[in-house]
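Engineer: Respectively, the protein sequence lines represent chains A and B.
Number 210 in my numbering belongs to position 210 of the first sequence; there are no gaps in the numbering.
Number 1138 in my numbering belongs to position 138 of the second sequence; there are no gaps in the numbering.
For the record, the hints were derived by calculation from the structure and aren't laboratory data.
Just so you have them, the derived chain A footprint on chain B, three or more residues with Cβ under 8 Å:
1) 1091 to 1105
2) 1149 to 1162
Cβ-to-Cβ under 7 Å is the rule here; a few derived chain B residues that face chain A:
3) 1057
4) 1080
5) 1083
6) 1084
7) 1088
8) 1108
9) 1111
10) 1112
11) 1140
12) 1143
All C-beta atoms in this analysis are idealised placements derived from N, C-alpha and C, irrespective of residue type, glycine included.
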Amino acid sequence: MIYEAIWENLPYLAEGAAITVALAVTLLAIGVVVGTGLGLAQSYGHWALRIGATLVERLFRAIPAVVLLFLFYYGISSFYDISSFAAAALALGLRSAAYQSQIVRGAIASVPSGQMAAARAIGLTRRAAIVHVVLPQAMRQAIGPWTNEALSELKDTSLAYTIGVVELMRQADYIVSANYGHTLAVYSAAAAVYLVLSLAATWGLSRLDRRLRVPGFAH
Amino acid sequence: MTGSATQLMRVSHLTKRFGEHTVLDDVSLDVTAGEVKGIIGPSGAGKSTLIRCLNGLEPIDAGEIWLDDTELTARKADMDALRSRIGFVFQDFNLFTHLTVADNLMLGLRRVRGLKRAEAETIARRELDRVGLAEKWRAYPAELSGGQQQRVSIARALAMQPELMLFDEPTSALDPESVGSVLRVMRELVAEGMTMIIVSHEMAFIEAVADDVLFMAEGRVVEEGSARQIFHEAREQRTRGFIDGIAAALVGEADDPGQAR
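Using the sequences and the hints given, assemble the complete structure.
Structural biologist: What follows is the structure, encoded as structure tokens:
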């Protein structure tokens, strides 16, 4: 029976979902760190740094995800024994960093210039003004667009299938081949798991957004 | 610093250009300790640009600015340290929107002066009390009226214990009923002997508190003198024209929100 096929294979789907979540979290973490760095470099860097950051950003936005996955996995494994999970986290993480740098840059630009002027006027250095005044405001502005990026990356983890990461999509595939059919039911179950993960992520991030909202301040 | 004749700030031959346009043309002025200097003039005269140059918020093209015996315009000047000695009040307040009133007042004390939280809090509470807003300690800027925000921003500047306070049209962005509360705070500062440079369209206020008034037009100082001289016995035709124009159309202030940048 269809339900039995799904019920019996639920542990495998759960295993796949766990890998999907782990991959999404890892790649987003890489994206936050590198993307914030790139965004800061583009907003405040010396001209050379700004051009460098922009080049990296354009490069990773221009190359299709699957091509990046192949480049990182097969490219790196030709001289270093990299796992497919690590290669996927790096490839998708750096691509996400390129997108996230634009979120950070836009959020920094949305902070009125008077905030920086006021911070400098009380004697803060430029760096201190960025850290204590501009970034805290910018990061709050960034949560909305960042939620979109996180959801889009969560779904794109399924592309890691192509280099052999046993995530949700590949587990679904295994189940289909082991059961000689029930194709539609199994893939629908996988889709349902993605839906649940997305809803959970949206819920969590909008809670964070509300928690960090500044009283009386209209977004 | 001794006596009232001590020179606190000296500006000589300051010139500032935006591209081809000269916004400040050979401006010189002296400020002695305890002096209140008013700067008046039509929109576009360069008043706001001048006052922003005085604490280095705007770079200058030529001239010198000295605070006490330190040159702000020197290549190796420690601008951050110098700025912390000069209080600046913006037209649109610029309170840090993500911080409570308390943290707005304490940020500079902690990050610039390196004070411990308890020490910073003592000073911040005293200054907030001075502007009459002690009960707003935990409020966020967006929860305050414009007049209250401006008073907090004055307290934020005062918390750094500045030697000199600069005011860039502090009441231009306020609704009429808030103007009085801000001017009252400024009047108290005058009474305490604070050295102040005030760019303002509040002519009655400038006339009442300023020891010395600069009338500027088109980036130049047209005339400088006592409040009495500028407002009643101006030598220059342009000054008289401006003062008479204001008197004739007091209402005119409403449609000049002071966008003199």
